[in-house]
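Q: Protein chains in written order, with numbering that gives the first Met the number 0: chain D, 0 to 458; chain F, 0 to 504.
Source of the hints: derived by calculation from the structure; they are not laboratory data.
Certain hints may be false.
Claimed, not checked - Incomplete in silico selection of chain F near chain D, CB under 10 Å:
{"id": "1", "residue": "Val323"}
{"id": "2", "residue": "Thr324"}
{"id": "3", "residue": "Phe360"}
{"id": "4", "residue": "Gly383"}
We put the beta carbon where it would ideally sit given N, CA and C, even for glycine.
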Amino acid sequence: METLLMAIVAAPGAVFLLLSLAWLTGWTPSERIVARLTVITYVFASVGTLSLFFLMRSHGLLQLSANLGPWFSAGSYHFASSLFADRLSLPYMLLTATLVGLIGAFSRRYLHRDPGYFRFFALLQLFGFGSLLIFSAGSFDLLIVGWEVVGITSVLLVAFFYQRPEPVRGALYVFAMYRGTDIGLLSAAVALHHFARSASYSEMFRGAWPNQSLNFDAGSATLIAILLVLAAAGKSAQIPFSGWLPRAMEGPTPSSAVFYGAIAVHAGTYLLLRAHPILAASPAASALVVLIGALTAAHGTMVGRACADAKTYLSYASLTQLGIIFVEIGLGLKWLAVIHVMGHAATRTLQFLRAPSMLHDFHQIHSAAGGHLAATGAHYETVFPGAMRNWLYRLAIDRGHHDTILERFFLGALDRVAQALHAMERIWSPPRPDTDKPEWNQEVLQLNWKEQSTTRARQ
Amino acid sequence: MNQLPFPFLSVAVLAPVGGALAVLRTRSVRLARLLALISVVISLLCALATLWIEIPRGGVLAEPWAVPLLGAAQPLFAADMLSCIGLVLFTSLALLTIAAAPRRDLNRPRLQQLLWLIAAVAVVYVSNHLLLLLAGWALAALPIAFANNTSEDGAAGTRATLLIKAVLTAGVVALGAAIVLLGNQAAAAGIVSPYSLQTLRQSSLAGGQWSFALLMLAVLFTKGIFPFHSWVLTAFDRGSLLNANLLVNAHLGAFLIAKVAIPVMPSIAIGALPVLSDVALFTMCYMAVLALRERAPRRILALLFVGQASSILVGLESATEAGVTGALVHWIVVASSTTALAIVLRLIETRVGARVGTAQFLGLANRFPRLAVFFLIGGLALVGLPGTLGLPAEDLLIHGTLESHPQLGIALPIATALFACHMLRLFSMLFLGKKTSNLALLPDAVLRERAALTVLIAFLVLFGMAPAWIIDRQASAAIPLVEKLRSTSHRERPLTPIARLTAKQ
Numbered sequence: 000m001e002t003l004l005m006a007i008v009a010a011p012g013a014v015f016l017l018l019s020l021a022w023l024t025g026w027t028p029s030e031r032i033v034a035r036l037t038v039i040t041y042v043f044a045s046v047g048t049l050s051l052f053f054l055m056r057s058h059g060l061l062q063l064s065a066n067l068g069p070w071f072s073a074g075s076y077h078f079a080s081s082l083f084a085d086r087l088s089l090p091y092m093l094l095t096a097t098l099v100g101l102i103g104a105f106s107r108r109y110l111h112r113d114p115g116y117f118r119f120f121a122l123l124q125l126f127g128f129g130s131l132l133i134f135s136a137g138s139f140d141l142l143i144v145g146w147e148v149v150g151i152t153s154v155l156l157v158a159f160f161y162q163r164p165e166p167v168r169g170a171l172y173v174f175a176m177y178r179g180t181d182i183g184l185l186s187a188a189v190a191l192h193h194f195a196r197s198a199s200y201s202e203m204f205r206g207a208w209p210n211q212s213l214n215f216d217a218g219s220a221t222l223i224a225i226l227l228v229l230a231a232a233g234k235s236a237q238i239p240f241s242g243w244l245p246r247a248m249e250g251p252t253p254s255s256a257v258f259y260g261a262i263a264v265h266a267g268t269y270l271l272l273r274a275h276p277i278l279a280a281s282p283a284a285s286a287l288v289v290l291i292g293a294l295t296a297a298h299g300t301m302v303g304r305a306c307a308d309a310k311t312y313l314s315y316a317s318l319t320q321l322g323i324i325f326v327e328i329g330l331g332l333k334w335l336a337v338i339h340v341m342g343h344a345a346t347r348t349l350q351f352l353r354a355p356s357m358l359h360d361f362h363q364i365h366s367a368a369g370g371h372l373a374a375t376g377a378h379y380e381t382v383f384p385g386a387m388r389n390w391l392y393r394l395a396i397d398r399g400h401h402d403t404i405l406e407r408f409f410l411g412a413l414d415r416v417a418q419a420l421h422a423m424e425r426i427w428s429p430p431r432p433d434t435d436k437p438e439w440n441q442e443v444l445q446l447n448w449k450e451q452s453t454t455r456a457r458q
Numbered sequence: 000m001n002q003l004p005f006p007f008l009s010v011a012v013l014a015p016v017g018g019a020l021a022v023l024r025t026r027s028v029r030l031a032r033l034l035a036l037i038s039v040v041i042s043l044l045c046a047l048a049t050l051w052i053e054i055p056r057g058g059v060l061a062e063p064w065a066v067p068l069l070g071a072a073q074p075l076f077a078a079d080m081l082s083c084i085g086l087v088l089f090t091s092l093a094l095l096t097i098a099a100a101p102r103r104d105l106n107r108p109r110l111q112q113l114l115w116l117i118a119a120v121a122v123v124y125v126s127n128h129l130l131l132l133l134a135g136w137a138l139a140a141l142p143i144a145f146a147n148n149t150s151e152d153g154a155a156g157t158r159a160t161l162l163i164k165a166v167l168t169a170g171v172v173a174l175g176a177a178i179v180l181l182g183n184q185a186a187a188a189g190i191v192s193p194y195s196l197q198t199l200r201q202s203s204l205a206g207g208q209w210s211f212a213l214l215m216l217a218v219l220f221t222k223g224i225f226p227f228h229s230w231v232l233t234a235f236d237r238g239s240l241l242n243a244n245l246l247v248n249a250h251l252g253a254f255l256i257a258k259v260a261i262p263v264m265p266s267i268a269i270g271a272l273p274v275l276s277d278v279a280l281f282t283m284c285y286m287a288v289l290a291l292r293e294r295a296p297r298r299i300l301a302l303l304f305v306g307q308a309s310s311i312l313v314g315l316e317s318a319t320e321a322g323v324t325g326a327l328v329h330w331i332v333v334a335s336s337t338t339a340l341a342i343v344l345r346l347i348e349t350r351v352g353a354r355v356g357t358a359q360f361l362g363l364a365n366r367f368p369r370l371a372v373f374f375l376i377g378g379l380a381l382v383g384l385p386g387t388l389g390l391p392a393e394d395l396l397i398h399g400t401l402e403s404h405p406q407l408g409i410a411l412p413i414a415t416a417l418f419a420c421h422m423l424r425l426f427s428m429l430f431l432g433k434k435t436s437n438l439a440l441l442p443d444a445v446l447r448e449r450a451a452l453t454v455l456i457a458f459l460v461l462f463g464m465a466p467a468w469i470i471d472r473q474a475s476a477a478i479p480l481v482e483k484l485r486s487t488s489h490r491e492r493p494l495t496p497i498a499r500l501t502a503k504q
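Construct the entire structure; sequences and hints are all you get.
A: Given below as structure tokens:
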């Protein structure tokens, strides 16, 4: 069973390495090979996860640990590399394997003859590996590895259409948010090593999920829990970090579906569920999770109603559900949260994948109904008075002033500091060529390229 | 001290010197390049042989002969694990730089400059004599300081050259003064070989605050720690990018702390290094914020380098096995990844025929996909993302630093996160965001460039996936330092807040 667990996680990673090496050596496999490899990998991962579930059940095992020994160590610090499967990780693993496999099968036609076809599938494999690693890691240390892998693949897929500036700017924004909130996870891991002497689940917690308790002094739980909530809120786009989710919609639809409808955004919920004994030991942190979740749900549903395009609307709908899941976790409704995650991920993936055909679907429904369906007019916002409705509408159109607040009070302040530092630098640094001057700019570069190209052509 | 069966260290030092002299005499650039490559390969092989002998034995390996120089007869060259790994790393990076560098960058004077630099750095790494170390240090700094060709920039270029000259010369003077003071103090204490590093490391010198302060000053100058960072930015921006990159990636400042400051003067180091560590931490944050408004790729690269290199000092001071080992592994990561980034950047500059600015997206990935991938992986390694050696290094460094400085240490992951954003911004501005259609005839990485960059990237990725070997080696270099600091700290150092908390529990 341990070998099977390792094989499930390693398979997408190995395929990614294989594809990357092939590309580096100058051979780009055909679309058919790439798609088949993807489908085979995830069919194996799905069947393997199901088999693992039944095998564990038949052996009466509530949890399974595959210890690979310390990945590296220095003095008393050991980076534990063990994989872990239990009643929490197996549903998430099955969800990942199934949905990534389905997205792979869908993308085979959706991205047919797209110049980035190979890149998409290579990154999908890497994403699958990262996600499976998050959900099967036996320690927070190893979870961080998967967490970062998912982050970087997410960013690279947002910038999939890299020849346009908007996806690239969106990717930069997503990356900044990810890296900013990942500090919480890194610091939590350090704190766990300090207070619990380990970041391994089996050493930190007693019992099997969902009936676990802390194996270390609960005095430090609030600090660790708040750091973990920071990381989870960043990954699951909760308030105040929700601004990245609509920007992430710049990527191709299949990646939006699997990342922001299904797997990546739910990684935050997994983190909180996994760390639930720590959360439960801190009423303050639990209250924070409920508050963040409630605010996000309200924000998501309000802004979603004022969105003009399908993918952004769906992203805010995801946000609403994620907020509700956070509330459930904060209230200690663990199983409900897991069931909610599974249902939401599957439904949202379907909606995202159908989004490009929405008009077609719309017409089909109306045709089937024998004409246009009458609008019900029954919307929740009608309970508000007119003036308040207008105010809320303006708030929703500007996405809750989220970006304005962030830019004015955080990014703007940071930028002003940077500007002041540059002014100070000019005092003692020698004058430098300005990159905005004509001799450095794009036009001259293009002239240079043309000149070089002509020279080479002549040669 | 164990004896080496063959004078590998002397050959490692002399091979680049021979190469430089041979390059001086030859007229053909191609032959000069070949000679340079051969001499660096010889130096690398000798370094590898020493490391091969050092790994099972441990301790210090000395040359088979002793030379009487200002005291009792002592071996001129000796190497421990730190020196061996440093030498192997540096000669490898030099070799890969020569192999991948654009031809226009490797004319005869530049090649000579590079070979003298390699020889000088090798002297610093393996010197057992402080005066020899000083000579190596000066020789390493001088080629960059005095052969920096910025004539095309007019008055601004002259000022830039002056700045580099001034800071590097100040570093040499500070180190020289520190060594003389230290030698005098050792002689006064009745030590027979007052300039022998091994002798000084074994004896515990009391006092010596002034020499320690001067040593730290030399470190600040050389490493470009705030407020002396401008020379690194200027050297990257205006000088030969690859030569400047090699000089700073010798990490002579960090080496001086690990090899001289901590072992020779641990009682002062334990009190003074936290100050240096705080300054280094401040430098990291300063560079991270400064980079927000920076647009020139060379300067962004320099800011990334200075910031990430500062974290090495933070780790060295942490006095934890994780922190010091992390710092030493991070040294390798910073050196390898910034070399990869500098090579790619220089290759792009030579292809487009100008220094590139990132005021707009350049979208070069369309034409240089492999260079883009090399740049991305090298950059991600520098900022500690998974799948590269950067992750274990960053992980150890953050653990060690937060353990020893829970309040200030949090600045380290924050600054690292900002650096990661700058790295991705630089990558995006250079390679993404635009469709380039008029570069059809410019080649992506050619075979020799691809080979050199593949070696660098493969090193970062393979050791990123299986980092235990390299971390164990660096841990064995770190343990003596930690023990030295700890043995002193038990007596003199106040408990950190987190340690006090644990003690209460």
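Q: Give a verdict on every hint.
A: Hint check:
For F/Val323, the suggested interface contact is upheld, since its CB lies about 8 Å from the closest CB of chain D, less than 10 Å. Among the interface hints, the one on F/Thr324 holds; its C-beta lies about 4 Å from the nearest C-beta in chain D, closer than the 10 Å criterion. Nearest Cβ of chain D to the Cβ of F/Phe360: about 5 Å, under the 10 Å cut. The hint holds. Interface hint at F/Gly383: satisfied, since its Cβ lies 9 Å from the closest Cβ of chain D, which is below the 10 Å cut-off.
Violated hints for the displayed structure: none, as all numbered hints are satisfied.
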